[in-house]
Amino acid sequence: MTPAINSAKKAKIPFTVHSYPHDPTSLSYGKEAAEKLAIAEARVFKTLVVQLDGAALAVGIIPVSMTLNMKQFAKSAGVKKAAMAEKEDVERATGYVLGGVSPLGQKRRLPTFIHSSASSFATIFVSAGRRGLEIELAPADLAALTGAVFAAIGEMR
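Per the numbering used here: the sequence shown = residues 2 to 158.
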C-alpha cells in the first residue's frame, strides 16, 4: 500500500487501483500509463509541483496531453510568478519520487489545483504513489481529499 491508497481507504471513497509494468526507459510516465491501461490521455492526469513566487509550493493536476500554463497557474494561485519546483523540493514535500508523485497522501498538504476538464469525467486516473500504479477516482472526491479547486491551468501541447 502507498500513502495515496491509504488516504483514499481512510476517506472511504470509491476508487480502483490499476497497475501496469513500468518501463524505466519511458519518457512520459503519464502517457505510458494511458497507453498501457488503454485509457484516453484526457482522463489520465499528472501531478506537478510548482514553486510560487520563489517560495511556497503548490500542486497542479493536469491531463497528460497538456502542459502546465505557468501564467494561468500563478493567476489561479493568486501570485505573480509560478515555476516548476526542483526535484529535491518535490520529493521532500510530497514523500514521492518523480514519476510517482500522487496528489494523495503527500507528506505536507499543499495548495492544489485540478484542471477544469477533470470535472467532465465520472472518474479520472492519477498516480497512486509509485511508477506503474494509478488510482481511479471521481474528480470531486480528489478535490475533497486534497482541498483542491478546479481551474484552467493547462494548455494543449
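Just so you know, the hints here were simulated from the structure itself, not pulled from any lab data. Hints are not guaranteed to be accurate.
[As the list claims (entries may be wrong)] Derived pair list, reagent style PhoX-like, types lysine-lysine, alpha-carbon separation capped at 20 Å: (1) LYS88 x LYS108; (2) LYS108 x LYS11; (3) LYS10 x LYS108; (4) LYS72 x LYS82.
Hint by hint, here is what the structure shows:
Proximity of LYS88 to LYS108 is assessed by CA-CA distance (about 15 Å); at most 20 Å being required, the pair is judged to hold. With a C-alpha separation of about 16 Å, the suggested pairing of LYS108 with LYS11 holds against the 20 Å cut-off. Between LYS10 and LYS108, the direct Cα distance comes to roughly 17 Å. Compliance with the 20 Å bound is thereby established for this hinted pair. Restraint check: the Cα-Cα separation between LYS72 and LYS82 comes to about 7 Å, which is no more than 20 Å; the hinted pair holds.
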